[in-house]
Structure formats: structure tokens, C-alpha cells
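Q: Read off the chains here:
Number of protein chains: 4
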Amino acid sequence: MVGHENARRLGWVGTGRMGSEMARRLLMAGCDLAVYNRSPARAEPLVRLGAKPAGSAAELRTRDIVFITVGSSDDLIAAVLGPQGLMSGADGAAPQVIVDCSTVSAEASARVRAELAEYGTALLAAPVMGNPSVVRAGKMTAAISGPRDAFVMAEPYLTMLGRGVTYVGEGETARTVKLCHNLFLGVVAQSLAEVTVLAQKSGISRQAFLDCLNKSVMGSLFTGYKAPAFVNLDFEPTFTATLLRKDFDLGLAAAREHEVPMPVAAIVHQLIQSLVGRGYGDADFAALLTQQAESAGLSLVSEHADVPDGLSTTET
Amino acid sequence: MVGHENARRLGWVGTGRMGSEMARRLLMAGCDLAVYNRSPARAEPLVRLGAKPAGSAAELRTRDIVFITVGSSDDLIAAVLGPQGLMSGADGAAPQVIVDCSTVSAEASARVRAELAEYGTALLAAPVMGNPSVVRAGKMTAAISGPRDAFVMAEPYLTMLGRGVTYVGEGETARTVKLCHNLFLGVVAQSLAEVTVLAQKSGISRQAFLDCLNKSVMGSLFTGYKAPAFVNLDFEPTFTATLLRKDFDLGLAAAREHEVPMPVAAIVHQLIQSLVGRGYGDADFAALLTQQAESAGLSLVSEHADVPDGLSTTET
Amino acid sequence: MVGHENARRLGWVGTGRMGSEMARRLLMAGCDLAVYNRSPARAEPLVRLGAKPAGSAAELRTRDIVFITVGSSDDLIAAVLGPQGLMSGADGAAPQVIVDCSTVSAEASARVRAELAEYGTALLAAPVMGNPSVVRAGKMTAAISGPRDAFVMAEPYLTMLGRGVTYVGEGETARTVKLCHNLFLGVVAQSLAEVTVLAQKSGISRQAFLDCLNKSVMGSLFTGYKAPAFVNLDFEPTFTATLLRKDFDLGLAAAREHEVPMPVAAIVHQLIQSLVGRGYGDADFAALLTQQAESAGLSLVSEHADVPDGLSTTET
Amino acid sequence: MVGHENARRLGWVGTGRMGSEMARRLLMAGCDLAVYNRSPARAEPLVRLGAKPAGSAAELRTRDIVFITVGSSDDLIAAVLGPQGLMSGADGAAPQVIVDCSTVSAEASARVRAELAEYGTALLAAPVMGNPSVVRAGKMTAAISGPRDAFVMAEPYLTMLGRGVTYVGEGETARTVKLCHNLFLGVVAQSLAEVTVLAQKSGISRQAFLDCLNKSVMGSLFTGYKAPAFVNLDFEPTFTATLLRKDFDLGLAAAREHEVPMPVAAIVHQLIQSLVGRGYGDADFAALLTQQAESAGLSLVSEHADVPDGLSTTET
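Residue numbers (the working numbering), protein chains in the order written: chain S, 1 to 316; chain D, 1 to 316; chain H, 1 to 316; chain E, 1 to 316.
Don't read these hints as lab results, they were simulated from the structure. Wrong hints could be hidden among the right ones.
Claimed, not checked - With beta-carbon atoms standing in for the labels, derived distance ranges:
# : chain 1 : residue 1 : chain 2 : residue 2 : range
1 : D       : 82        : E       : 203       : 36 to 42 angstroms
2 : H       : 90        : E       : 309       : 53 to 59 angstroms
3 : H       : 62        : S       : 298       : 55 to 61 angstroms
4 : S       : 107       : D       : 105       : 51 to 57 angstroms
5 : S       : 133       : E       : 300       : 53 to 59 angstroms
6 : D       : 164       : S       : 71        : 36 to 42 angstroms
Unchecked claim - Computed list of lysine-lysine pairs in BS3-like fashion (alpha-carbon distance at most 25 angstroms, straight line):
#  : chain 1 : residue 1 : chain 2 : residue 2
7  : D       : 201       : S       : 246
8  : H       : 246       : D       : 246
9  : H       : 246       : S       : 201
10 : E       : 201       : D       : 246
Idealized CB from N, CA, C, for every residue including glycine.
Using the sequences and the hints, build the whole thing.
A: Here it is, written out as C-alpha cells:
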């Protein structure tokens with residue numbers, strides 16, 4: 001909890017699914033928060049929880065710390081530097097720190113950082129690990145990069161967002177951490193598909209196998225919350241194969257730039273490309289299981305089992 | 001805790017590092033346990049905790065349930081069926097259930113199972129997921145296969161061993177689950193090596209990167225307890241590259257038998273072979289990080305950081 | 001041509017498709033050849049070309065050099081050591097050299113070699129590189145291993161079989177060369193599938209692309225004679241995916257035994273397994289192209305083009 | 001041979017190692033050829049063979065067909081469109097066809113093509129398959145793309161350059177063919193390294209193994225002319241690992257653009273990256289053999305054998 005006497009005045013730009021879940025946690029913790037969303041209706045639930053509605057991003061420039069969750073690099077640039085953006089007010093007011101929690105390119109981030117420096121505003125890159133369900137369960141984390149003193153100022157609020165953040169260095173390094181995280185996630189998903197199909201063809205139900213794996217030292221929140229999809233074949237997208245391919249494109253490009261061979265990630269990249277080529281581009285990347293089963297001559301059916309996703313207990 | 005009126009009389013054969021840690025948990029829970037080890041000195045700490053010493057495996061044949069933790073398939077066969085083995089007594093006494101927690105071949109297990117059936121003794125295959133430190137921390141798990149009623153009888157005691165066991169079916173299926181688990185573990189280790197080196201070459205310390213990953217949804221007990229090795233380059237073997245190669249040999253043989261392609265596991269198999277070829281066969285398999293760094297033109301040095309291994313809090 | 005005065009008396013056991021094409025070449029060169037096949041009808045075309053028919057394998061034991069082309073390890077053992085086999089005569093007659101051109105296991109070959117040694121008969125392992133069309137075109141080759149003096153004696157006749165043989169050493173080393181050859185062949189086939197699909201999706205016909213590649217320094221007889229299948233999608237099996245998988249099983253087992261990592265061969269092994277899993281096990285392994293196209297979202301149609309296979313000109 | 005009455009007047013820009021070997025072949029065939037090189041000394045040997053020296057690229061604009069062999073995309077743009085380039089003359093004279101035999105990007109080629117169109121000059125993309133030794137042996141080939149009538153006009157001269165060219169379509173398609181060719185070449189080289197090391201660890205000399213493979217249906221000019229390097233470990237660069245990596249960068253980018261998964265090429269890409277990371281970037285890519293041997297725990301020594309490279313017989 002933040003002491004009343006030094007509580008910062010906060011702002012939030014972009015209250016989509018991720019942003020709303022995150023902002024809600026600040027409100028629950030009693031923070032003074034003003035919110036702006038392009039379509040105001042999506043901000044209303046937060047207003048009902050006590051957020052102050054803002055009519056434009058520019059109105060938020062008087063807040064101490066402004067968080068941003070938007071959909072793309074271009075959206076970030078527009079939200080901060082655009083004609084109606086955060087910095088577009090004529091009065092010279094500016095937040096001390098902007099925390100960008102979106103997944104954007106290092107180039108866009110660096111450009112925004114450089115322009116903000118002219119206003120004396122620090123940018124923290126804070127890409128989020130986890131989807132909206134993870135945030136709601138209080139289990140979100142983030143890598144943070146940028147000026148350390150800005151991090152120290154924002155840390156109490158960042159900590160409220162989930163179960164902890166890690167300061168990883170200056171500049172855009174947090175963007176690379178997010179790419180590494182997603183490369184790792186893709187490899188884990190493919191390997192999980194391989195061993196799950198092997199277990200099943202050996203006579204073990206997917207439910208029993210994944211229960212066992214998730215209890216073991218190898219179990220993670222991720223392998224837990226993917227279990228329902230693997231057992232019951234619900235491939236309703238949380239993150240599509242096409243989006244994962246994009247992260248592998250970027251991650252492997254970063255690896256190439258730094259001259260790091262990635263034999264396993266490279267193979268998984270190709271398997272994701274194959275998944276897209278076989279028509280699963282808009283399905284959840286958990287369809288890697290389907291592709292793997294087809295390659296093993298196995299026709300999957302739902303096990304219609306009651307499988308916990310490990311996210312049901314909300315921490316607050 | 002087991003109710004006094006129906007508490008089973010237990011036995012334990014093989015009190016090496018793993019066996020001792022596991023048997024200790026049964027004693028702590030108040031079980032009636034007799035123990036036998038080829039070299040009696042290694043059983044003494046358990047005797048001091050209340051275990052009854054046995055002079056031979058055969059003496060344990062009067063116990064209701066006997067657990068076994070030995071080093072190899074041959075050791076299992078000798079311990080159960082050998083001239084001084086568990087079943088070698090002339091009086092026809094026999095345990096109702098034998099629980100084999102060793103890592104042995106499915107063939108050896110099936111042979112023991114078949115011979116035990118003639119005595120009316122059921123065999124549960126119960127390969128353990130986790131090393132001695134994991135057991136000590138109360139975080140061991142196991143897959144169990146064999147007759148379901150034998151499982152029901154042994155379950156209260158199996159549950160005492162760690163944070164849960166999973167019954168996966170008849171016969172030797174638990175052996176396959178263990179192989180799947182270790183294939184997954186090897187892939188995760190290699191992928192972790194790849195992204196850690198990428199993060200480091202991007203300017204992020206291994207400590208910061210792994211802290212961030214371990215907090216995230218991708219963090220597991222495994223990625224946690226490997227962090228000290230990755231950060232401080234302590235490759236004191238917990239599990240050697242050569243042993244991991246053996247598990248990949250067996251796991252990929254099982255995949256071939258069941259006609260399951262394993263593209264990622266197959267590549268990791270070759271990378272482990274390369275690790276052995278480059279002279280790291282007796283090092284911990286975490287040396288995959290070293291190999292990966294060398295392939296990236298990076299010379300690793302210890303970060304001499306204080307990194308938790310996630311196992312310090314002992315559950316009981 | 002062999003000088004009349006020192007021409008050896010030759011025998012041939014097994015006149016299937018490969019054996020007939022090879023034996024025919026010896027007859028065309030004027031050799032004194034006796035032939036035996038389990039079903040005599042298949043030997044008749046050779047008899048019409050001048051071969052002497054034998055009523056049993058045992059009848060051939062008086063020949064100087066006997067060639068064998070049979071289907072499996074068991075067939076080889078039966079043909080040589082079986083009750084009606086080559087060495088079953090009671091009179092002690094035995095060939096000086098037996099040349100086994102079959103594809104059999106190193107174990108079977110070593111066993112036959114050891115038993116033959118008791119009769120003073122040398123065994124040459126002579127696994128053939130090429131299919132019947134390649135033999136007919138005079139382009140077959142073989143690796144030879146066994147006692148060098150036996151090789152010197154057989155060499156003039158081995159040379160007649162195609163465009164050259166290579167003595168690679170003692171014992172079963174020729175078997176390993178054949179496995180290496182087939183691993184290489186499988187990798188080349190998969191890579192050819194990858195680049196052909198890339199070329200086609202870039203707007204280049206398979207015919208033009210493969211014509212170009214085959215003219216280039218990368219062109220081989222193999223890439224040439226596979227071109228019609230790739231262009232016109234005729235997957236009539238010359239060598240099935242299942243058979244190629246078997247060679248990869250054996251080749252990778254040899255690599256494991258000798259502790260040689262094979263990253264690329266291992267991936268191709270898995271892709272062949274996937275091909276089998278997707279139902280192409282009985283198709284020619286050129287169906288790797290189909291699998292590759294499907295993974296690229298491409299539906300292949302025959303180009304109905306006139307593509308030379310590079311084998312039309314028969315050398316004699 | 002070209003009939004005298006309709007023989008075209010030819011020009012050549014860039015007489016480095018490749019260009020000189022190619023131009024020499026036109027001179028040997030009796031063509032009317034003018035040559036220009038930035039440093040005139042390198043053109044002198046051609047002048048001694050009958051070529052007309054030109055003082056600038058611009059002087060060659062009056063020739064019917066001008067061939068170009070330069071080192072990079074920028075060099076091509078300068079040679080054609082630069083201030084002293086081929087098209088820089090004020091008199092409006094222009095060749096009918098320019099044949100670019102360099103390895104340049106599709107983007108640079110398309111830009112040059114578009115600007116040349118304004119002069120009515122056609123551009124043929126004609127990337128060459130083969131190194132200078134291959135050209136000298138008369139075994140060079142090329143893929144050609146661009147306007148078909150320009151190809152028809154240039155074809156007699158293109159044919160003189162080696163053992164045949166293939167017209168693959170409009171635009172820049174020949175550039176893609178070259179990338180496919182080089183991806184295939186890299187995969188073949190890596191696979192050759194794998195099986196050669198396996199053969200050697202099985203007791204077969206590299207010389208015997210490669211002799212056997214090169215005689216077989218798998219043998220190509222490429223596997224032939226790499227044999228001396230593999231046997232005698234002469235890694236004097238003909239094409240460095242770093243350059244091959246660049247071709248894999250481009251080839252895999254093309255594959256990504258066309259959504260073609262390339263599992264085997266992707267792994268080889270990473271192995272080449274590893275080769276660079278281990279310090280072999282400036283060595284010939286045949287050092288893949290060294291890397292493979294090191295991963296197999298094998299220390300290579302030269303076999304000091306007399307190995308033909310298959311290029312000694314010059315075709316004319």
C-alpha cells in the first residue's frame with residue numbers, strides 16, 4: 001500500500017482487456033487514477049470503480065506517472081506524440097514518468113524515449129508477461145528497462161500490478177527480455193505437444209499426464225493454464241499462431257543481430273510457420289498439439305475433463 | 001497423518017541419497033518403517049530417527065508395503081528376485097505391494113511385475129520427478145502405474161513423500177511418463193540456455209534475466225533451482241550430461257516405437273551428444289549453457305550473485 | 001573384359017529386380033555365370049542370355065565367386081548357411097569368395113563372415129548404391145569391405161556391374177558407408193523439397209527450377225532421376241518412406257554408437273516419421289515434397305512436363 | 001559458335017576473378033568483346049587475348065549486350081546508373097541488353113531494371129552457380145530471368161559461358177533460384193560433414209568414403225570439388241562461412257516472405273552461425289567439417305591424399 005502523503009497521481013491510456021485488468025488493480029489498491037480510452041465506453045467500468053475519466057490523452061499530462069497499454073508501435077507513437085497525444089498540451093505540463101506496458105518494437109520505443117527526453121519525461125519500457133486471465137489472477141509480471149530513478153519512483157505501483165517486476169537495465173533491454181520470454185514460451189509449448197502426444201500414444205490420458213507434469217518440478221503457471229486447452233481441445237485463441245510467429249520473427253532477428261545461434265528456437269519457428277501454412281494461423285498456438293498429433297497419425301478427441309487452469313485463486 | 005488403527009507396516013530397500021530423503025519423510029509422519037541398505041552405515045541416520053534396521057532385504061517380506069530405491073534395472077531385479085532378495089524367504093510371506101521408485105527400464109519392471117504376481121504381490125512403478133534437494137524441500141512428485149487397488153492402498157504413504165502423486169494407468173505407463181518428463185526437462189534446459197545467452201549478449205545480466213523469467217508465468221521449480229548454476233556457473237553435477245543423454249536415448253526410442261515424431265526433442269538429443277563430444281559428459285547438463293555461449297562467441301564468467309534456488313522453504 | 005584364360009566361374013543367388021539387372025551385365029560382358037533363384041521363373045530371362053540354371057543354391061558352391069542379392073538379413077543367412085544353402089553340400093566344395101550385394105545388418109553379415117571363415121571362404125560386403133533403373137543405366141556403384149585379397153580377385157567383375165566400386169576397408173565397414181549414403185540421400189531429398197517449394201511459391205515452375213539445379217554444380221544423378229517425380233508428382237515407389245525411415249533408424253543408431261551428433265539427419269529422421277504418420281508410408285519418399293508443400297499451404301498439381309531422368313543413356 | 005554475320009558486339013564490366021574467367025570464354029569462342037575494369041591492370045590479360053580495352057563503363061554503352069560482374073548491389077547501381085556508369089553518356093546510345101551476373105539483392109536489381117526500361121534497355125538477372133574454378137572448367141551454369149526476348153538474344157553468348165543456362169521467368173526470379181541453390185548447397189555441405197565424420201569414426205578414411213560417395217548417384221560436381229578440402233583439411237576460403245551465412249539470411253527471409261517453412265535449412269543456418277561464433281567466420285564454409293568433428297570428440301588430421309576435384313578436365 002502506498003502511504004497517503006506521498007501517493008503519486010497516476011494516469012492510464014488504453015483500457016482494453018489487458019489495460020483494464022491492470023488499472024483495476026491500482027484502483028483496488030486505492031490509487032488516484034485518471035483513465036483515457038479512445039472509445040470511452042471501455043473505460044466506464046473503471047470509472048465505476050473510482051477512476052477519473054479523461055476526455056483526451058493530453059488531459060493526463062498533469063499526472064505524475066502515466067501507464068500506457070495500446071496495441072501496436074504506431075498506437076504508442078500516436079498516444080504519446082500524436083496531435084491529440086499525451087504531450088500535445090501547450091502548457092508545458094508533462095508526467096515525470098511514462099510506463100509503456102505495450103508490446104512494441106525497440107525502434108518505436110527508442111524514438112518515443114528520445115522525444116520524451118526533451119520534455120524531461122522518462123520512459124520505462126515495461127512489457128508484460130501474461131494474458132488478461134493471468135493479470136486478473138494477480139500473477140502478471142513485467143520486465144522493466146529505462147532510467148533507474150524513474151524505476152524507483154514507479155516501482156510501488158508496478159508492484160501492485162501483479163506478483164513482481166524486474167528491473168533489467170537501461171534503454172530497451174526489457175523489450176529483448178519479452179522476446180526471450182516468448183521464444184521460451186513457444187519452445188515449451190512445442191515440447192509439451194511432443195511429450196503429450198507420446199504419452200497419449202503410450203496409453204496415458206492427456207489429463208493424467210499433464211496433471212503429473214504440472215505437479216512436478218517442470219510445472220509452471222503456463223503449463224498449468226494451457227492444460228485445459230490440451231486436454232479438452234479448446235483452441236479459442238488467447239494468442240494466435242500468427243502472433244506467436246511474429247514474436248519468433250522478432251526474437252530470431254534479435255538473435256541474428258547479436259550473433260546467437262538458436263537451434264531449438266529456429267526449429268520451433270519453422271513448426272509455427274508450418275502450423276500457419278496448414279491453416280491454423282488464427283487458432284490459439286496450442287494448436288501445435290493438433291499438428292503434432294497429425295504428424296503422429298493420431299486423431300485427437302476432447303477428453304471432456306474438468307481440468308484446473310491454476311489461475312482460479314485471485315491474489316490481490 | 002495415518003490413523004493408528006489402520007496404519008500399514010512399511011519397508012524400505014535402498015537408502016542412498018534419494019531413498020534416505022524419502023524414507024525420512026515417512027518417519028517424520030510417524031510411520032512404522034523398517035529399512036535395509038546393502039551398506040548398513042547409510043541406513044543409520046534413519047535408524048536414529050526411529051526406523052527399524054533390517055539385516056537383509058528378505059527380512060522386509062513381512063511388511064505390508066515395501067518401497068525400493070536402487071540404482072539400476074539389475075539392482076531392482078537383485079533386490080526383489082535375487083538369492084538374498086525380498087522374496088527369497090522360504091516361509092511364503094510376501095508384501096502386498098512393492099513400490100519401485102527407481103528409474104529402471106520398462107522391461108525390467110515388467111519382468112519383476114510378472115514374477116511378483118505369482119506371490120500375489122502387486123508392483124507399483126513409481127518413478128520420481130525431482131532430485132534429493134527437491135525431495136528434502138517437500139516438492140517431489142511421482143507418476144504411479146500398476147493395479148489401481150494397490151495404488152489405493154499405497155496412496156496415503158505416497159502422498160507423504162512430496163507434493164502429490166498421479167496415478168497414470170496400468171502396467172509400465174509411469175515409466176513412459178518419467179521419460180516424457182525428462183525429455184521435456186532437457187528441451188527446457190536447452191531453450192533456457194539459448195534465451196539466457198541472447199539476453200546476456202543484449203546487455204542483460206543472467207541474474208536479472210532469470211529472475212524475471214522465474215517470476216513470470218514460465219517459471220517452474222526447475223527453472224528456479226537451475227538459476228544458481230546458470231548465474232554462477234556451478235556445474236557440480238546433479239544430473240550429468242551423459243545421464244540425460246541416456247534418458248533421451250530411451251525417450252526417443254519410445255517415441256520411435258509409438259511412431260511419434262519429436263522434432264525438438266531430437267535436436268536437443270543431438271545437442272546433448274555434442275555436449276558429451278566436447279568433453280562435458282560428466283558435468284551437470286546445465287553445461288548446455290556453456291556450449292551455447294561458445295557457439296555464440298561468448299565467454300561466460302560467474303556473476304557471483306546471490307540467487308535463490310526456490311527450494312529453501314521445506315514443506316512438511 | 002576378362003581374359004578367357006583366367007576368367008573365373010561365377011554364380012549368382014537371387015535374381016530379383018536388382019539381381020537380374022546386375023547379373024545381366026556380367027552376361028553381357030561374356031562371363032561364365034550360373035544362377036539360382038527360389039522361384040526359377042525369375043531366372044529364366046538370364047538363362048536365355050546364356051546363364052546356366054542351377055537347381056539349388058548348393059549347386060553354386062563349386063563356382064569361384066558367388067554374388068548374392070537377397071531381401072533381408074534372414075534371407076542372406078538362409079541362402080548361405082541354411083539347410084539348402086550355398087554351403088550345405090557334403091563334399092566340402094566352397095567358393096573362394098562370396099560377394100553379398102544385399103542390404104543387411106552388420107550383425108548378420110558378421111555372423112555369415114565368421115561361419116564362412118571355417119570353410120576358407122571370404123565374404124565381401126558390397127552394398128549397392130542405386131536402384132534397378134540406375135543399374136540398368138550402368139551407373140550403379142558399391143562400397144566393398146572385407147579381406148583385401150578377396151577384393152582384388154573379385155574386382156574385375158565388380159567393375160563390370162556399374163561405374164565403379166570403392167574398397168573401404170576390412171569387416172563390415174561397407175555397411176556403414178551404405179548407411180551414410182542413405183542418410184545423405186534423405187537429407188538431400190528433404191532439402192530439395194524445401195527449396196523446390198520455395199522456388200514454386202516465388203513463381204518459378206518446378207521444371208525450370210530443377211532443370212537449373214540439375215545443370216548446376218549441385219546436380220547429381222540422384223537429383224536428376226528424382227526430377228520427374230518432383231515435377232509430375234509420380235510417387236510410384238522406388239523406395240518407400242517406411243524403408244527410408246528404417247535406414248535412418250539404423251544410420252542414427254550407428255551415429256549414436258560412435259557418439260557422432262547428427263543434427264540435420266536427426267531432423268530429417270523426424271520429418272520422415274511425420275511423413276509416415278501422415279499416411280505416406282507406402283509412397284515413394286519423394287512424397288517429402290507433398291508434406292513440405294502442405295506445410296507451406298501449397299496445393300501441388302502435376303506440371304505434366306517432359307523431364308529427363310538422366311538415366312536414359314545406357315553405358316555398357 | 002556464333003555466325004559471323006549476326007554476331008553481336010559485346011561488352012564486359014568488371015573483370016575480377018569470376019568476370020575474367022567468364023569473359024575469357026567469350027574471347028576463346030571468337031566474340032567481339034570490349035572490357036572495362038575499375039583498375040585497368042586486371043583487364044590486361046583479357047586484352048592480350050583480343051579484348052578491346054574501354055576507358056570507362058560509359059564507353060561500353062554502344063555495345064549490343066553488356067555483361068556485368070561486380071561485387072555488390074551498390075557496385076551494380078554505380079556501374080550502371082552512376083555518374084561514370086554505363087548509361088551516363090549524353091548521346092542516348094544504350095545497349096539492348098544488360099546481363100547482370102553478380103549476386104545482388106532483388107531490390108537493387110529491380111531498381112536498375114526499372115531505370116533501364118526508360119532507355120529501352122532490358123536487364124537480365126543472371127546469377128552464376130559456381131566459383132572461378134568451376135567457370136574455368138567450363139562447368140558454370142546460371143539461372144536467367146527478365147524479358148524473354150532479351151534472353152533469346154543473349155542466349156547464344158550465355159551458353160558459351162559454361163554448360164548451360166536456364167530461363168526461369170520474368171523479373172527477379174533468377175535471384176530466388178540462386179538463393180535456393182545456395183541454401184541447398186549449405187545443407188548438402190553440413191550433411192556431408194555429418195556422414196563423413198560418422199564414416200571416419202566407424203573406421204573409414206575420408207578419402208575412401210568420399211571417393212565412394214562421389215562415384216555414387218549422390219555425387220555432384222560440388223561434392224567432388226569439396227573432397228580435397230574435406231580429406232586434406234585445406235580450408236583456404238573459396239566462399240567464407242560469413243558469406244554463406246548471408247545467403248542463408250537472405251534465403252530464409254525469402255522463405256518467410258513466401259511463408260515456406262524450411263526446417264532443415266533453418267537448422268543449418270544456426271549451425272553456420274555457430275561456426276562463425278566459434279571463430280571460423282573467415283574460413284571456407286567447409287570448416288563445417290571441423291565443427292562437426294569437434295562436436296563428435298574427434299580431432300581431424302589431414303590425410304595428405306591425392307584427391308581429384310573433378311574440375312581438371314576443361315570442357316570448351
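Q: Confirm or reject each hint.
A: To see whether the hints hold, each was checked on the structure:
| no. | hint | in the structure |
| --- | --- | --- |
| 1 | D:82 with E:203: 36 to 42 angstroms | holds (40 angstroms) |
| 2 | H:90 with E:309: 53 to 59 angstroms | holds (55 angstroms) |
| 3 | H:62 with S:298: 55 to 61 angstroms | holds (56 angstroms) |
| 4 | S:107 with D:105: 51 to 57 angstroms | holds (54 angstroms) |
| 5 | S:133 with E:300: 53 to 59 angstroms | holds (54 angstroms) |
| 6 | D:164 with S:71: 36 to 42 angstroms | holds (41 angstroms) |
| 7 | D:201 with S:246 | holds (21 angstroms) |
| 8 | H:246 with D:246 | holds (22 angstroms) |
| 9 | H:246 with S:201 | holds (20 angstroms) |
| 10 | E:201 with D:246 | holds (20 angstroms) |
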